[in-house]
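Asker: In order, the protein sequence lines correspond to chains A and B.
By this note's numbering, the letter at position 17 of the first sequence is numbered 17, and the numbering carries on one by one without gaps.
By this note's numbering, the letter at position 158 of the second sequence is numbered 158, and the numbering carries on one by one without gaps.
Simulated from the structure, these hints should not be mistaken for lab results.
Treat the hints with caution; some may be incorrect.
The calculated SDA-like cross-link candidates involving lysine to any residue, where the alpha carbons are at most 25 Å apart (straight line), are [unchecked claim]:
| no. | chain 1 | residue 1 | chain 2 | residue 2 |
| --- | --- | --- | --- | --- |
| 1 | B | Lys140 | B | Thr179 |
| 2 | A | Lys11 | A | Ser28 |
| 3 | B | Lys37 | B | His106 |
| 4 | A | Lys10 | B | Asp141 |
| 5 | B | Lys176 | A | Leu9 |
| 6 | A | Lys13 | B | Pro127 |
| 7 | A | Lys13 | B | Pro154 |
| 8 | A | Lys105 | A | Gln93 |
| 9 | A | Lys10 | B | Ala177 |
| 10 | A | Lys3 | B | Lys140 |
| 11 | A | Lys30 | B | Cys22 |
| 12 | A | Lys11 | A | Lys30 |
| 13 | A | Lys30 | A | Lys3 |
| 14 | A | Lys3 | B | Pro127 |
| 15 | B | Lys94 | B | Arg147 |
| 16 | A | Lys105 | A | Lys10 |
| 17 | A | Lys30 | B | His106 |
| 18 | A | Lys11 | A | Ile29 |
| 19 | A | Lys10 | B | Leu158 |
| 20 | A | Lys3 | B | Asp155 |
| 21 | A | Lys15 | B | Pro154 |
| 22 | B | Lys37 | B | Phe134 |
| 23 | A | Lys3 | B | Ala18 |
| 24 | B | Lys37 | B | Thr101 |
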Amino acid sequence: MAKLTIDDLKKIKEKTAKETSLRDGPASIKITVHMGTCGIAAGARDVMSALMEEMAEADRQDIRVVASGCMGMCSSEPNVTIEAEDSEPIVYQLMDSNKMRQVFKRHVLLGEVQSDFALAKM
Amino acid sequence: MRELSLHILDVVENGITAGGDCIWIEVDEDRKTDHLKIVIRDNGHGMPVEKMKNINDPFITSRTTRRVGLGLSLLAAAAERCDGGVRVDSQPGKGTEIAATFRYGHIDRAPLGDMAATVTTLIIGNPGVDFVYFHRIDGKDFSLDTREIRSEMPDLSLSDPMVIHQLTETIRSALKALTLDEGLS
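From just these sequences and the hints, can you work out the full model?
Answerer: Here's what the structure looks like:
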């Protein structure tokens, strides 16, 4: 019987080898990937995977990622909402992994809203 | 949906919406008996009996953002077209169990797809929820329990993208090993 063992976890820990406990502190940016049936069917999981890779690379402790349900705009899925401190939340539409990477690098890290991909600000 | 793992991702989110804080995902692939079974169980607040009657009706939904609910209906349709079906057991206050069966070799059966990405997407997207994942391929199995990870490695944060990335790779290679074992024996 194979199981995710402590050794596996230790290996993971070694590879990531750094302070990770900080991530439970306050967040200044929240990224919501909408993962209802519609979002998942349209490719939200790939968007989430790309976001994870970018996050791992950027290594910022103040960015929080959550999955949420459908927000009722199924035709524009996958949707991603970025809520940064001191500014209005922006909803992006028709996302894919490349658009996600661009939005992460430009909007999340540098604060430049990518209005070409945006659906609305809330 | 193109992959069964996407159906799993979707139906598990239902369990979380139902207030579950621990979700069990079980996948059993048995090529000898030509069976594939997927079980998803949550400890949420369950469903009342009258709702259960219309469970696969897409126009019956508890959501409020739109008037159709497709998640479970799509999984049921996918299972039924592969000589299988979906069974739902729910007890108010205790939780819900959904079991989908498929004929493994049916021409219409969608591939299982990237289970590792489904599991880790669930873990990172739902920080307050625990997941128990059990995957058996032809009698050999792999399992993962986030409750154990949290208690045995408290300093390994499951909300860290680096950890999630490594965890995805670990699951992927473990599942690959299960498939390869079969090929050699």
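Asker: Compare the structure with each hint and give your call.
Answerer: Structure-based check of each hint:
Simply put, Lys140(B) and Thr179(B) have alpha-carbon atoms about 9 Å apart, close enough for the 25 Å limit, and the pair holds. A threshold of 25 Å between alpha carbons decides the hint, and for Lys11(A) with Ser28(A) the separation of about 30 Å lies outside it, so the pair is violated. The suggested pairing of Lys37(B) with His106(B) holds, with an alpha-carbon distance near 13 Å, which does not exceed 25 Å. Pair hint Lys10(A) plus Asp141(B) holds up; C-alpha atoms about 21 Å apart against a cutoff of 25 Å.
Restraint check for Lys176(B) and Leu9(A): satisfied, since their Cα atoms lie roughly 18 Å apart, inside the 25 Å limit. Annotation: proposed proximity of Lys13(A) to Pro127(B) holds, straight-line Cα distance about 19 Å (limit 25 Å). About 11 Å separates the Cα atoms of Lys13(A) and Pro154(B), which keeps this hinted pair within 25 Å; it holds. This hinted pair checks out: Lys105(A) and Gln93(A) have alpha carbons roughly 17 Å apart, not beyond 25 Å.
Pair hint Lys10(A) plus Ala177(B) holds up; C-alpha atoms about 20 Å apart against a cutoff of 25 Å. Only pairs whose Cα atoms come within 25 Å are accepted, and Lys3(A) paired with Lys140(B) is accepted, the gap being roughly 11 Å. For the suggested pair Lys30(A) and Cys22(B), the alpha carbons sit about 24 Å apart, so the restraint of at most 25 Å is met. The hinted pair formed by Lys11(A) and Lys30(A) fails the criterion: a straight-line CA distance of about 29 Å is larger than 25 Å.
For the suggested pair Lys30(A) and Lys3(A), the alpha carbons sit about 33 Å apart, so the restraint of at most 25 Å is broken. The hinted pair formed by Lys3(A) and Pro127(B) meets the criterion: a straight-line CA distance of about 22 Å does not exceed 25 Å. Taking the CA atoms of Lys94(B) and Arg147(B), the gap is near 19 Å; set against the 25 Å cutoff, the hint holds. Annotation: proposed proximity of Lys105(A) to Lys10(A) is violated, straight-line Cα distance about 31 Å (limit 25 Å).
With a CA separation close to 43 Å, the supplied pair Lys30(A) and His106(B) exceeds the 25 Å bound. Between Lys11(A) and Ile29(A) the alpha-carbon distance is near 30 Å, which puts this suggested pair outside the 25 Å criterion. Our distance criterion of 25 Å between C-alpha atoms is met by Lys10(A) and Leu158(B), whose separation comes to about 13 Å. A hinted pair counts as satisfied when its Cα atoms are at most 25 Å apart, and Lys3(A) with Asp155(B) qualifies at roughly 20 Å.
Between Lys15(A) and Pro154(B) the CA atoms are separated by roughly 16 Å; this keeps the pair inside 25 Å, and the hint holds. Pair hint Lys37(B) plus Phe134(B) holds up; C-alpha atoms about 12 Å apart against a cutoff of 25 Å. As the CA atoms of Lys3(A) and Ala18(B) are separated by approximately 28 Å, the hinted pair breaks the 25 Å bound. A threshold of 25 Å between alpha carbons decides the hint, and for Lys37(B) with Thr101(B) the separation of about 4 Å falls inside it, so the pair holds.
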